[in-house]
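Asks: Listed below are the residues making up each chain.
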Amino acid sequence: MSAPRPRLTHIIHDDGPGGGPQSVITQLGILTEVYEQSVIHGGAGRIAAYCEKTNTPHFRTGLDRKRTLALGIWQTWRRLRKIRPEVVILHGQWGGFAGALASRFARVPHCVYIARWPAFYSDWDLARCIRNYIVEKVACRFSHKVICLTESSRYQFLLRHLAPEERIGVVPNAIPFNGDPRPERIEALRKQYAFNRYSCNVISVGRLDQQKRNDWLLESWRTVAEVHPNAHLWIVGHGPKDAEWKQLAGELGLESKVTWIEGGEFKGSEFIAAGDIFAHTALFETFGNVIIEAMLASKPIVSTDVDGPRSIISDNIEGLLVPPGDTAGFAHALCRLIEQPELCKRLGAAGQISVQNYTPERIAPRLIEAVSARPRPKIAHILHLDGPGGGPPLVVAMLRHLAPMFDQSVIAGGRGAIARYCERYRVPFSEIRPIRPAKWLRAAPALWRALRTLKPDLVILHGQPAGPVGALVAKYLNIPSAYIAEWPAFYTDWDTFRIVRNHLAEWLPCKLAERSLVLSEGNYYQYLIRRLIPEERGVLISNAVSPREVISEAARQRIREKYGWNPNDCHVVSVGRFADQKRVDWLLRSWKHICSVEPRAKLWLVGTVETGPEENALKALAADLQLTNCAFISPRDPGPHFLAAADIVAMTSLYEGHARIPLEAMLNGRPIVASNVDGVSNSFTDGIEGFLVAPSDIERFAARLRELIRNPELRKQMGASGIERAKKYDPEIVYGKLHITLSEILANRP
Amino acid sequence: MPTPTPSTTQQTAARSDSVARPTILFWVEQDAYGEYAQYAADLARAWEPDAQISVWLGHKTSPCNFGNIPTRTKLRFQYRASFFLARHLRAARPDILILIGVRAAWHGVRIAKKAGVKKVLYIALSDLIYRDRTLLRVARNYLVLHTILRKVDRVVVPANGSRYQFLLREWIPESNFHLLPKMFDPDSVPPPQTPSPFPSRPQEPPPTCRVVYAGPFNARARLDWLLRAWAFVEEKDLGAHLTIVGTGPREAELHALHKRLALRHCDIISPEHPLIHYVAAADLVAMTNLYELHSRLPLMAMGCGKPFVAMEADGIRISAHDSGGGILTPLSDVPAISEALAALIQDPAQRAQLGASGRSHIARFEPDAFRHRARPLLQSLIVGGAAP
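Going down the list, the sequences are from chains A and B. Note that this note's numbering numbers the first sequence so that position 353 is 353, with each residue one more than the last. Note that this note's numbering numbers the second sequence so that position 47 is 47, with each residue one more than the last.
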């Protein structure tokens, strides 16, 4: 038995004439697969008939009349209390205002306002200005999403600041293509109205009210009729301006040049299809279904350049756009089309292609997504320091990859690459004081406050200083967590105090988190032998590099030029903090064996001053060793740019969580010489993409470097192999496992 | 631009015609960026051969080139000054009163008829109609604008966008509107040998593409969208540099956002040269305005033969659509504008093509075209009837 579908109620103030109710019917059809629907409406027309036909529950209220509006709101509220829908869709301004109030009182959890007839288009006097503002503001204020039918309508909402811009979206009307109008009907129409009498039949379809501005059309037609006396204008529709515009036609001497059609056996779309040109002079449209119908019938369109049509047709592509009120321009555009059948054909053909964007199949996913009430799971990343090193790029890569599936937020000490990413992609970022390894418990109150505010469904703990405190706080708040062992503490078990502290720092998150994710096989082995991670809760993933991170040739060239790199030299680059762990001293000692015999080789040690406690000691060592062709750089340019510009990448770390440097070097086609240590050894194969050398084997390291310096062909070959190998670390592959792990945790949470 | 001084013969001829020529008084309110006075100066110079013109300027108005037209700048447009203004107006008793600025128009329309002014024209350069953000503003804007529009004989709008906003509201007959876009002075384009106005950075290589925004830092400029879009462009590492030139009330916010986004290839500077010098020295012009009455920046870009990237907003749309000199992206779509910027940065050929296209269309905004459009308006004011 299938799961029950969520309940959705549509509220529309008037089930009357016009294109709106037809669009609501189309939306009912689209959403019927996903939701258990019902309709609350004022009046009774096509929607009521559709509901009867499809057995959709529908309820008539007094929303369609001003006098009974208050009663209608009360009736709507009562009905909503009985239906208890998960989602309410408010159609149009009065449906929006009344429905928003009723939904608010009935405590409907999710409310979507479809701005089908925005009120502000009738700001004609002070009373209307105030009324319209209140009506729209209430609908926008109480709705979780505002959906406009066109970009131009959205623009009007943005100008008025009626809702925050991120809450205003666009989903056009869907027009079902069900074979209408049929050719035999069109033929019958042409015969009945003797269309053949005229050289060109121009059609205008729509209600005859102030919005449609058929007076502009009539004034234009006077000019057209003088130039093309055998062309004929058909105005299809009726409305309050009927008599006034017929009188105007008489005053302009157009009685024999214009035919007025009110109702009858043929529909507007059939007239459009039977005519040669479609003319539209509305002052505004919130969408303009008739324009879609004209495009569907491959008819060229002349329209005013107004809200609605301007978002559907492009000037000179599917039709001609003329500034509103420019009757001379409109007449000129009509004459152009009457005189140029080829242009008509081109515009009509383009229209038939563009109209495919409005099929229910194309619109359905957008509508379902826009209406969807189901919030995405919320994840909070906790990191001890958003500073230098490889950790923040890893978090950024995860944020980027998980963005389509989760609503994410970050809690981190300091501001760096992650804060920049969050600012750019508008991810909530809570800055706390950096969490120190020995004083991690001090961060507990700040984390507790941040998590209470963010209310995540899952917490990801990045690395050990944030791991223990984050795990404790998350456990206290009953939030499941996943621990990513980015900087295993046990690599610094140098004394008794550290052994105890590190063990606690690793044991707590591994014990409290639902899953522990380790970045390399070497690290995983260390965790297993210490019995920190139970095998069933450990997951092995790796660092990732995306093809979009490949550094452009221009950027590489800029680095070479900026630092004066001679293209005839061989440039060896080491990138990383000047810290104990990186053991740059081994590299310097190796260089001692190279610099004297390889005068064309240059060593560039790229690191940041502010984070490199060892920099001065290293500089002193370089001086003691009397190294030549060796330079320290503390640049503003990103590290990967140096890797990409280099000929060889050197790395002498003592240990790593899972180093990014080899991955970035391979991605950019650079060979690597690195220490064979945890976090590096599994990144590439010795002799294929680079060389792995036993840690502290200085002579061997120098020999490998020399081999590569002397053999450009080998460098090229290893670089090419590296590019292939880097494909294994594509985020799509690597983080697929992470996504599955997180989904499992979320599925199993209480 | 140096205004051509009329020769002695011309001046004599003008004096002899002065009886037949109508007297026109421009009443120009001060604005932050000198746009009102600039427009008034352009219009006054266009009408100078056919009318006797004098100008009242707000006391803090930026200096503009009014040529030989007499100007007075001691007026303050305050309610308490209305009495004195009325007295001055009665003394001047112009045939036509041109009002620029909402406060000038608000006072002007109320005292013009009493002072015996025959025709009143309002030039709608204020963005009041775009600022219906709260209920109070909605009511206030309606009362102010409706009062003005109801009492004037003509309304001049600089672009179709704002004209459309007025049309939607149906406050006055549409025949009273006259479209008169701003003028672009080709003499303002600096010669090619002009030194670069950008601050030099010897320690950095020259950018592959210099992108520029030059204009006010106000709420409608929405430069936060531009900075956010630029952050995405920087991620692509194209070697381009964005320079935002200007001043305004949002400057501190912009600097803060710039810092938060940690943009490396972007700087915000105060102008030390005319803005058009920055545009002329750029490779690409970018703007993300929410709306404009009629933005000068696309005109400057077209005049200098530079392509521009902007959003589909009122006051900008017409420049791009009609000239083909730029690319328009959907409004508030930050990724789309960053894509458009990146595409143009990487494609010098397309930049050149768009720039050439814009340059070929700028003639529509040059002084001759402006005069051609402005003179029928004057005629219609003199003889009456609908706007041309």
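Keep in mind that the hints were calculated from the coordinates and are not lab data. Check before you lean on any hint, since a few could be wrong.
[Unchecked claim] Mimicking DSS-like on lysine-lysine, the simulated pairs with C-alpha atoms at most 30 Å apart in a straight line are:
(1) K66/A to K137/A
(2) K562/A to K236/B
(3) K82/A to K137/A
(4) K439/A to K475/A
(5) K716/A to K727/A
(6) K737/A to K114/B
(7) K236/B to K716/A
(8) K53/A to K267/A
(9) K119/B to K728/A
(10) K455/A to K511/A
(11) K562/A to K259/B
(12) K378/A to K182/B
(13) K151/B to K114/B
(14) K119/B to K241/A
(15) K182/B to K455/A
(16) K191/A to K137/A
(17) K378/A to K475/A
(18) K562/A to K345/A
(19) K241/A to K267/A
(20) K236/B to K727/A
(21) K378/A to K236/B
(22) K119/B to K182/B
(23) K345/A to K378/A
(24) K345/A to K191/A
(25) K378/A to K737/A
Asks: Determine for every hint whether it applies to the structure shown.
Replies: We went through each hint and held it up to the structure:
Only pairs whose Cα atoms come within 30 Å are accepted, and K66/A paired with K137/A is accepted, the gap being roughly 19 Å. Under the criterion of a C-alpha separation no larger than 30 Å, the hint pairing K562/A with K236/B is consistent with the structure, at around 19 Å. The hinted pair formed by K82/A and K137/A meets the criterion: a straight-line CA distance of about 27 Å does not exceed 30 Å. Restraint check for K439/A and K475/A: satisfied, since their Cα atoms lie roughly 19 Å apart, inside the 30 Å limit.
Restraint check for K716/A and K727/A: the C-alpha separation of about 18 Å stays at or below 30 Å, so the hint holds. At most 30 Å may separate the alpha-carbon atoms for a hinted pair to count; K737/A and K114/B exceed this at roughly 81 Å. Only pairs whose Cα atoms come within 30 Å are accepted, and K236/B paired with K716/A is accepted, the gap being roughly 25 Å. Among the hinted pairs, K53/A with K267/A is consistent with the structure: their alpha-carbon atoms are about 21 Å apart, no more than 30 Å.
A C-alpha spacing of about 78 Å is found between K119/B and K728/A, which places the hinted pair above 30 Å, so the restraint is violated. Only pairs whose Cα atoms come within 30 Å are accepted, and K455/A paired with K511/A is accepted, the gap being roughly 22 Å. Distance hint between K562/A and K259/B is fulfilled; the C-alpha atoms sit about 24 Å from each other, no more than 30 Å. Restraint check for K378/A and K182/B: the C-alpha separation of about 51 Å exceeds 30 Å, so the hint is violated.
Restraint check for K151/B and K114/B: satisfied, since their Cα atoms lie roughly 12 Å apart, inside the 30 Å limit. Restraint check for K119/B and K241/A: not satisfied, since their Cα atoms lie roughly 33 Å apart, outside the 30 Å limit. Simply put, K182/B and K455/A have alpha-carbon atoms about 53 Å apart, too far for the 30 Å limit, and the pair is violated. Using a Cα cut-off of 30 Å, the hinted pair K191/A and K137/A is violated, with the two alpha carbons roughly 51 Å apart.
Pair hint K378/A plus K475/A holds up; C-alpha atoms about 16 Å apart against a cutoff of 30 Å. Restraint check: the Cα-Cα separation between K562/A and K345/A comes to about 57 Å, which exceeds 30 Å; the hinted pair is violated. For the hint linking K241/A to K267/A, the alpha-carbon distance of about 20 Å falls within 30 Å, and the restraint holds. About 20 Å separates the Cα atoms of K236/B and K727/A, which keeps this hinted pair within 30 Å; it holds.
For the suggested pair K378/A and K236/B, the alpha carbons sit about 29 Å apart, so the restraint of at most 30 Å is met. For the hint linking K119/B to K182/B, the alpha-carbon distance of about 22 Å falls within 30 Å, and the restraint holds. At roughly 52 Å between alpha-carbon atoms, K345/A and K378/A are farther apart than 30 Å, so this suggested pair is violated. Simply put, K345/A and K191/A have alpha-carbon atoms about 23 Å apart, close enough for the 30 Å limit, and the pair holds.
At roughly 18 Å between alpha-carbon atoms, K378/A and K737/A fall within 30 Å of each other, so this suggested pair holds.
Taken one by one, the earlier hints fail for this structure at numbers 6, 9, 12, 14, 15, 16, 18, 23, listed in ascending order.
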